[in-house]
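Please model the complete structure; the sequences and the hints are all you need to start from.
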Amino acid sequence: MIVDDNQDQEQDSTKIMEEFKSVTKSSFEPKALEESAKATSPEKKLIHAQEFEKDNDQNFHIDFIHAMANCRALNYKLEPMDWLNVKIKAGKIVPALATTTASIAGL
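Residues in the sequence shown are numbered consecutively from 1, following my numbering.
Keep in mind that the hints are not guaranteed to be accurate.
[Unchecked claim] Below 27 Å or equal to it, Euclidean Cα-Cα: the simulated DSS-like pairs (lysine-lysine) are: (1) K54 with K15; (2) K87 with K77; (3) K89 with K77; (4) K54 with K89; (5) K77 with K92; (6) K77 with K15.
To be clear, the hints were calculated from the coordinates, so they are not data collected in a lab.
Structural data, given as structure tokens:
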């Protein structure tokens with residue numbers, strides 16, 4: 001007996017796509033989004049604002065920036081950056097943004 005794995009995979013992927021379409025069709029309508037936003041308390045929301053802290057290695061902020069910078073480097077054929085170099089540059093960017101914002105606000 002010959003088993004066709006491709007047919008099983010096609011059936012599984014078709015089933016998954018049908019479920020996805022049924023979920024997304026109702027979930028992303030404006031009324032459904034508003035209702036879910038009202039029903040969710042601020043404590044239960046999945047996304048929370050985070051303060052950027054370059055000196056705390058336990059929050060993985062620099063790790064995330066390092067990963068994204070190297071993804072960008074691969075995409076645009078640039079030299080990848082090492083972790084320490086990213087940490088140093090991130091530490092310089094935040095004060096530069098604050099200085100620029102203060103300069104513009106002073107005008």
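Given hint K89 paired with K54 - CA-CA distance at most 27 Å: holds (10 Å)
Proposed proximity, K15 with K54 (alpha carbon, max 27 Å): Violated, at about 44 Å.
Given the proposed pairing of K89 with K77, does the C-alpha separation stay at or below 27 Å? holds (20 Å)
Holds or violated: are the alpha carbons of K77 and K92 at most 27 Å from each other? Since the Cα atoms of K77 and K92 sit roughly 24 Å apart, the hinted pair holds (cutoff 27 Å).
Check whether the Cα positions of K77 and K15 lie no farther apart than 27 Å. Roughly 39 Å between the alpha carbons, so the hint for K77 and K15 is violated.
Restraint check for K87 with K77, where alpha carbons must lie at most 27 Å apart: holds (21 Å)
The structure fails hints 1 and 6 (numbered hints given earlier, in ascending order).
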